[in-house]
Structure formats: C-alpha cells, structure tokens
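Residue numbers (this note's numbering), protein chains in the order written: chain A, 44 to 508; chain B, 3 to 200.
Relax, there's no trap hidden among the hints.
Below, simulated EDC-like cross-link-like pairs (lysine to aspartate or glutamate); rule was C-alpha separation at most 20 Å, straight line:
#: 1; chain 1: B; residue 1: K33; chain 2: A; residue 2: D115
#: 2; chain 1: A; residue 1: K330; chain 2: B; residue 2: E159
#: 3; chain 1: B; residue 1: K169; chain 2: A; residue 2: D377
#: 4; chain 1: B; residue 1: K33; chain 2: A; residue 2: D209
#: 5; chain 1: B; residue 1: K169; chain 2: B; residue 2: E180
It should be emphasised that the hints constitute simulated quantities derived from the structure, not laboratory data.
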Amino acid sequence: MTLGQRTGWTWVMALSVTVATMVMSAPEAVAVPSFARQTGQACEACHTVFPELTPYGRMFKLNGYVFTNVKDISDINAQRSSTLSLTELPPISLMFLASETHVNKALPDSSLPSGVAQNDTIGFPQQVSFFYAGRIAPDFGAFIQLTYDPGANSVGIDNTDLRFADSGTLQSLGLIYGLTLNNNPTSQDVWNGTPAWGYPYATFRAAPSPAAAALIDGPLAQNTAGATLYLMLDKTFYFEGGAYRSAKVGTTNKLLMAPGPLDSEFTNVIDGLAPYWRFAYEHPWGKNSLEIGTYGIHSSIRPNAGMTSLVTSGPTDDYTDAALDAQYQWIGEDNLVTLAATWIHEFATRHATVASNVNDSLDTLRATATYYYQRRYGGSVQLFQTTGTTDPLVYPAAAVTGSRNGSPDSRGLKLEFDYVPWLNTKIGLQYTAYLDFNGASKNYDGFGRNASDNNTLYAFLWTAF
Amino acid sequence: MKSSSIWLAGLMIFVAGNAWAAGPPPELAVKVCSTCHGAEGRSIAPTFPELAGQKAAYLETQLHAFRDRSRADPHAQAYMWGMASQLTDDVIKELAGYYAAQSPAPGTAQDPAESAAGQKIFADGIAAGQVPACATCHGPKAEGTDIAPRLAGQHREYLAAQLLAFKNRLRANDVMHENVKNITDEQIREVAAYLASQ
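Please build the complete structure, drawing on both the sequences and the hints.
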C-alpha cells in the first residue's frame with residue numbers, strides 16, 4: 044500500500060465513521076411545554092431546570108404522562124368505565140436548538156486532503172423537534188418526538204415512549220405500575236444519571252467525539268423497540284424488566300426500494316431479543332432525594348453492513364452492559380443542586396466482527412455536578428472517562444476519528460454556564476476539554492492531531508414552546 | 003337545654019369532620035394529591051404543606067382560591083392553579099373533609115432558642131412591630147380555628163415562605179398583610195421554628 048492509497052483509504056474510513064457516528068448519535072431531547080399545558084402546572088413542578096426531573100416529575104412520567112387539568116372529550120360505557128378521554132387541545136410542542144461550535148483546531152476538510160474545514164460551525168437549527176407529549180386515554184400516555192436533523196436534511200423518529208400505567212395501594216403501600224414501549228434503552232428512565240436523559244442535555248455535533256461508546260450509551264437509540272414492565276413501590280423501590288429488539292428507522296430494502304425487513308443495510312441489528320433490567324432505590328427526605336440503582340442490557344448484535352458477509356446470519360457480537368447509577372438532588376427555593384453519576388461496564392465477545400481480541404471490555408464513567416440559583420443562573424461540571432481493552436481492529440487508525448494505538452481511552456471534562464431567562468428557554472456556553480482522546484494525549488490519531496485540538500467551545504440557544 | 007344543643011351540634015360537627023375515617027380515601031387524593039402532599043396528607047418535601055389534620059374550611063377556601071387564581075404566590079401558580087382548575091365544588095368539599103379527618107403530623111425538633119423566641123411571638127405578638135399574637139386567630143396550640151388554619155407541625159420552610167409571601171403581598175390576604183407588615187426575617191424564622199416544633 045502506497046502512502047497515497049493509505050491516505051485515500053483512511054479518508055474513506057474517517058468519513059464513514061463520521062457519518063456512522065452522526066447517524067448513531069441521539070439528538071437531544073427536552074422537557075415539553077405540552078405537559079405544562081395539559082397539567083396547568085409550570086415547568087418547575089416537574090423539572091429543576093429542563094430536562095432534569097424533580098421527584099414530582101418522576102411520578103408524572105411513571106404515571107404515564109396522564110395527569111391532566113384541562114377539559115376533555117370523554118365517553119363512558121354502560122358499566123361507567125371510561126372509554127375515551129381526549130384533551131380538547133392536543134398536547135403538542137415544538138423545540139428549537141440553535142448553536143455555534145468552535146473546535147480548538149479546525150478539522151480537516153472532508154474531501155480535500157490538504158484543506159481545512161471552516162471552523163465556528165453554525166447550527167441554525169442544530170435541531171428542531173416536534174412533540175406529542177401527554178395523555179392519549181385515561182391510563183395511556185405518550186412522549187413522541189420527531190426531530191429534524193439538518194445533517195441528513197430529514198425528519199426522523201427521536202425518543203418515543205408509550206405508556207400504560209396505573210396506581211393504587213397495597214396494604215397502605217403506594218404502587219405505580221405500567222408498561223412502556225420505547226425506542227431507546229433508558230429513555231424510559233426517570234433519573235438523570237442514565238444515558239438517554241443524562242448530562243450533557245445539549246451538546247455539539249459539529250466537533251469530534253470519542254469513538255468508543257457502550258451499546259446502551261447511545262448506539263441502540265432509536266433503532267430498537269423495547270417493551271418493559273415496571274413497578275414503583277412506595278415511591279422507594281423501582282423494578283423494571285423487559286427486552287429490546289431491532290426496529291426499522293427508515294432503512295430501505297434494496298430489492299423493494301421501499302421499507303422492508305431488516306437486512307445488511309442496517310446497523311447494530313439485535314439478534315432476537317435483548318433483555319433489559321433496571322432496579323433503583325430512592326430515598327427522599329426534606330428537600331433532598333437520593334437514588335442509587337443498576338441497569339443494563341445483554342444483546343447479541345449483527346454488526347454493520349460491509350464489515351462482514353455474515354450480517355444477517357451466523358455468529359454475533361455479544362455485549363453485556365452492566366451499569367450503576369446514582370443521583371442526589373437538593374431542591375431549595377433559591378438553590379438547586381444535583382449530583383449524578385453512572386458507571387457502565389461493557390463486556391464484549393466479538394465473533395462476527397474482525398477484532399484483535401475475542402473479548403474486550405469498556406468502562407465508561409461520568410460524574411456531573413449541577414447548580415442553579417433561582418432556576419435562572421447556573422451550570423454544570425462533568426468529568427468523563429472511557430477506558431477499555433486495546434483493540435486496533437475495533438478502534439483503527441483514522442484521521443481525527445481514529446486511534447493510533449487502538450485504545451478506546453478518552454477522558455476530560457465539560458464545563459457549562461447557563462442562563463435561563465424563562466423556564467422554557469436556556470442559553471448556554473459549554474466548554475469540553477480532553478486530556479486523552481481515542482487512546483492518547485498527543486498525536487492520538489496517528490495523523491498529528493492532539494487530544495486538546497478537539498477541545499470545543501459550544502454556545503447554544505435552546506427553547507421549547 | 004341550650005347546653006345540650008351545643009353539645010349535640012359539637013358532636014355532629016365531630017362526626018362530619020371525621021366521616022372519612024371510616025371510608026376509603028378519595029381516588030384523587032390517592033392518585034394525584036399524594037404525589038406531592040404524601041400519603042394521607044403528610045408530605046416529605048417542605049415545598050408542599052402538610053394537609054393532614056388541616057381545617058376543612060381552610061382547605062376548601064384555598065382550593066377555591068387556587069381554582070379562581072386569587073391565591074397567586076409562586077408555588078400556587080406553579081403547582082396548584084392547574085391542579086385545582088377542574089375541581090368541582092363537591093370534589094373540593096370531599097378532599098377537604100378527607101384531609102381534615104387525617105391525624106396531623108407531629109412536630110419536628112427545632113433549635114430551642116429560636117423556638118422559644120417564636121413561642122413568645124406566637125403567644126404575645128410583637129408590640130413594637132404591630133404584629134398581633136398569632137394565637138388569637140390560630141388557637142392557643144396553633145391547632146387552627148374556624149377562621150384560621152392549623153399551623154402546628156407544618157413544615158418550617160413552608161411557614162416561612164408563606165409569611166414572607168404575605169409580607170411581600172405575593173399571597174392575597176388583607177388581614178395577614180397588615181399583621182406581618184413589619185415582621186423581620188429573623189422573627190419569621192423564629193415563629194416558623196416554634197410552629198414546626200409543635
């Protein structure tokens with residue numbers, strides 16, 4: 044292989060990885076004013092500052108988004124059982140996220156090998172989302188998000204959660220129980236240490252992000268469908284279990300040129316069912332609440348098209364993601380403090396993907412401290428770290444997005460300042476600094492780029508109405 | 003004769019006030035109100051007041067005030083305007099009766115010095131500040147009366163927030179506006195500590 048060939052191949056790899064990363068990365072989701080319109084309650088009832096939930100917000104979600112305080116169109120049968128309860132105004136909302144992204148060192152141009160891409164990327168919008176979020180029927184509610192992605196110039200399905208829920212008492216213990224159908228493992232969760240609703244709530248897409256991520260930490264988002272049963276006992280013990288299966292998100296079947304069965308065009312196809320579990324303990328006292336828990340998923344994956352001929356049959360890559368999470372909240376009148384953390388351990392056995400090792404592990408740790416004064420001024424600090432087995436075939440060299448030494452190790456911190464002029468609008472400035480990126484601090488990609496070159500300043504305006 | 007009529011009337015009020023002790027709680031109380039106000043109206047977070055043992059007449063008045071938006075302090079707007087907007091008069095009466103019939107939460111330990119200072123304000127008022135004795139309307143043990151709510155055992159932070167809301171005229175009540183117009187932050191802390199300890 045000549046240098047020219049290698050460079051050309053590397054560019055193709057880099058571009059494909061970048062595209063794959065963009066496709067896989069879950070767009071930001073948000074608290075929705077349609078809930079406020081339905082309940083007649085201000086955002087602060089359910090959120091400290093959106094999208095983080097208060098204890099009441101957690102109960103609202105577990106109860107299936109059905110609390111309503113508006114007039115509805117209703118019907119009953121002869122047994123006085125409710126057969127319809129539609130809110131007069133549909134619970135719909137719009138979210139708009141605009142941003143500016145400055146990378147410490149401009150990225151190489153994607154098609155001109157010697158060129159440099161323009162820095163200071165404007166996202167206007169970075170994302171626009173449409174929501175139906177609220178009650179559908181007496182014990183049936185939904186959070187459905189459609190998102191316009193300017194990268195693909197298309198509208199696609201985003202976090203979606205349909206819930207059947209009810210509540211009652213068992214020997215004076217309060218019970219909330221239900222079934223959720225959703226498309227992103229942990230999107231149904233009510234604590235903010237877990238991946239789908241964890242910090243950062245808004246972040247850049249126009250700058251590099253570390254290559255390695257556990258499956259439950261984003262890659263399965265929006266291309267799976269899961270059904271889980273849950274039970275909250277006495278607002279203290281939370282149990283949830285169920286399974287996920289791959290679901291289509293607009294992939295076209297080549298033969299039909301129309302939506303068809305999942306085939307080699309698809310990414311991260313789950314073979315059969317992937318069991319998901321969640322247990323959490325919450326203890327509220329005074330203005331405080333403390334949660335500790337565990338969650339995880341075991342999945343057998345048919346990996347990416349083009350990587351192997353055995354895409355829809357034969358061996359699989361097996362992943363077990365086992366995670367711990369914790370969250371502490373202090374919600375005062377003027378001061379609000381949240382500490383949230385998660386640790387995800389992923390054990391991977393790759394039989395389908397060509398890898399240097401059959402068994403790899405990956406550990407992700409994130410710890411975030413958030414403070415707001417009067418829900419108006421505040422911010423967050425997050426320390427993040429991903430470490431794992433060195434595997435040059437899983438983490439290959441590529442300019443910007445690759446790893447020179449095959450290591451997935453990345454670590455750094457995020458620092459964010461927010462101004463929240465109104466409870467449904469956030470203006471933020473976020474700085475991300477990397478100590479290591481894809482395995483090294485200096486020349487991490489083998490093309491001379493340093494981890495600190497990817498340090499990113501991100502300014503955003505985020506509003507929902 | 004007159005005396006026995008009073009006793010009979012008293013007994014009837016007692017029976018009516020405790021009617022819920024025998025029946026199941028209203029569904030709304032179990033499924034919705036309890037989310038913030040706790041099981042049987044004993045809340046955990048001080049943002050949300052204790053309702054157990056509160057005077058039914060006071061609870062009714064407040065739910066009506068939330069419904070017609072005449073009570074407009076910040077948390078009333080954020081939480082209760084919506085919650086109360088569709089309540090009928092009958093449901094309001096039912097909820098008020100239910101919570102009034104529940105056993106009130108016991109007082110919580112507070113700083114003894116603050117509590118003692120608060121007790122003096124509660125019993126004697128503050129002459130220099132033209133703050134009348136709270137006990138005059140709220141009862142000698144802050145248990146509430148026909149015209150004023152129970153304060154004993156209420157969350158300290160909630161009590162302090164209400165006194166501040168009256169002082170700043172964020173919460174409507176002409177009598178309380180006048181009563182606390184000169185109260186200081188320290189005196190608010192003291193009287194709230196005393197009442198929370200009862």
